[in-house]
Amino acid sequence: DAGITQSPRHKVTETGTPVTLRCHQTENHRYMYWYRQDPGHGLRLIHYSYGVKDTDKGEVSDGYSVSRSKTEDFLLTLESATSSQTSVYFCAISEDRGWETQYFGPGTRLLVL
Amino acid sequence: QKEVEQNSGPLSVPEGAIASLNCTYSDRGSQSFFWYRQYSGKSPELIMSIYSNGDKEDGRFTAQLNKASQYVSLLIRDSQPSDSATYLCAVNPLGFGNEKLTFGTGTRLTIIP
Chain A
24 DAGITQSPRH KVTETGTPVT LRCHQTENHR YMYWYRQDPG HGLRLIHYSY
74 GVKDTDKGEV SDGYSVSRSK TEDFLLTLES ATSSQTSVYF CAISEDRGWE
124 TQYFGPGTRL LVL
Chain B
763 QKEVEQNSGP LSVPEGAIAS LNCTYSDRGS QSFFWYRQYS GKSPELIMSI
813 YSNGDKEDGR FTAQLNKASQ YVSLLIRDSQ PSDSATYLCA VNPLGFGNEK
863 LTFGTGTRLT IIP
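Chains A and B are the protein sequences, given in the same order.
Under this note's numbering, think of the first position of the first sequence as 24, with each following residue one higher.
Under this note's numbering, think of the first position of the second sequence as 763, with each following residue one higher.
Everything labelled a hint here was simulated from the structure, so no lab data went into it.
Below are the SDA-like pairs computed for lysine to any residue, each with C-alpha atoms no more than 25 Å apart in a straight line:
(1) K862(B) / Y73(A)
(2) K93(A) / G81(A)
(3) K862(B) / V111(A)
(4) K804(B) / L134(A)
(5) K76(A) / H52(A)
(6) K93(A) / E50(A)
(7) K804(B) / S84(A)
Facing chain A, from chain B, some residues (calculated, C-beta under 7 Å):
(8) P806
(9) L808
(10) G868
Computed spacing ranges between beta-carbons, pair by pair:
(11) G803(B) / D79(A): 21 to 31 Å
(12) P41(A) / K829(B): 37 to 47 Å
(13) Y833(B) / D96(A): 32 to 42 Å
(14) T36(A) / Y833(B): 41 to 51 Å
Beta carbons: idealized from backbone N, C-alpha and C, even for Gly.
Assemble the whole structure, with the sequences as input and the hints as a guide.
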């Protein structure tokens, strides 16, 4: 998985609870992305980062926030989890340009009850 | 119209035959095109990237790009049971400088022994 880890790998939480997912890379790549994958929708971009403290929204950013205080770590926070945020979350990294090859982490399965 | 469209499948192909996977995209300014393979329960992994019109071959895989027709395809020769997976097409819309990829929903391929 190209030196990318995600934690936790599985999580069950309750509606209204804050949740933070972590993506850690050892490749020193500039770009990092958070996607969610749902049946019938494919991979959809939530947020991405193009450097430390530099982030931007994707197509499904409502209800999510991100932070990147170090090159190697990109955090995704669900401020108040809802059942519609039950999904598989993938982190991806890209070396130099966001439109170049992206490498994916192993994923986090999140269930919101 | 979705930005990136793929037939969801399932596509069933006999072992040893050629599997042909297709993808169309809506943005004429798209410049980067990728095929990812995703096994059930796993993360996407890059198979091929293509940037110029024509064919690009890598082992048993050939990517074909036709920008005029807004069409990209993946051919898998001598299909093996290990090729059974979902194949995701990804496109960088709006050309260079846009940092995001848009993914299709994927085509599920089954190789029949």
